[in-house]
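**Student:** In the order they appear, the protein sequences are chains L and G. Its first residue numbered 1, the first sequence is counted upward by one per residue in UniProt numbering. Its first residue numbered 1, the second sequence is counted upward by one per residue in UniProt numbering.
The set of hints was computed from the structure by calculation and includes no laboratory data. Hints may be right or wrong, so weigh each one.
Using 30 angstroms as the maximum straight-line C-alpha spacing, the simulated DSS-like pairs for lysine-lysine come out as follows [said to hold, decoys possible]:
no.	chain 1	residue 1	chain 2	residue 2
1	L	Lys53	G	Lys12
2	L	Lys55	L	Lys33
3	G	Lys65	L	Lys42
4	G	Lys42	L	Lys42
5	G	Lys65	L	Lys65
6	G	Lys53	G	Lys4
7	G	Lys39	L	Lys33
8	L	Lys12	L	Lys33
9	L	Lys55	G	Lys39
10	L	Lys33	G	Lys33
11	G	Lys33	L	Lys55
12	G	Lys33	G	Lys4
13	G	Lys33	G	Lys55
14	G	Lys53	L	Lys55
15	G	Lys33	L	Lys81
16	L	Lys55	L	Lys42
17	L	Lys81	L	Lys65
18	G	Lys81	L	Lys39
These numbers come from a predicted model, not from an experiment.
Number of protein chains: 2
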Amino acid sequence: MVFKAEVRVELKRGILDAEANTVQNSLQLLGFKGIGEVKTAKIFVIDVSAPTKEKAQEEVEEACKRLLANPVINNYSITIK
Amino acid sequence: MVFKAEVRVELKRGILDAEANTVQNSLQLLGFKGIGEVKTAKIFVIDVSAPTKEKAQEEVEEACKRLLANPVINNYSITIK
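Just need the whole structure built from these sequences, with the hints factored in.
**Tutor:** Spelled out as structure tokens, the structure:
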């Protein structure tokens, strides 16, 4: 079976989000007065072939640990559809 | 009122997703046999002060057009919470 896994990778609280700061400053410079704090996240949508949903979850969990998320600075969450 | 807007920016179909290709190849090199196609997306979580939800939606829509999304290569969707 092929599952569609969605991995959301975010920066942990306290880690400087340079891209978000740049976006926030740029929006304010462009005159967007209502814009406050900005945070960013990365999404990976991955097709996973696995016998069961649990096996797909395990495979993607391992992929996060080994490549997609840096445990020191990132939090990640996985949704399997 | 302060609303939390989530903007999801993706590449349009047919546009080369170099990052996704690199992730896919790396995962397969790492031995993840079940991994198929990979796509990426960018998420901006923005605090928006606005009198109503509709006004917040309008402000973020304008921010997407002017900065967050390139209409030539990106699709975007906005969720206001």
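**Student:** When the hints from earlier in the document are held up against this structure, which numbers fail?
**Tutor:** When the structure is compared with the hints, numbers 2, 5, 7, 10, 12, 13 and 14 turn out to be violated.
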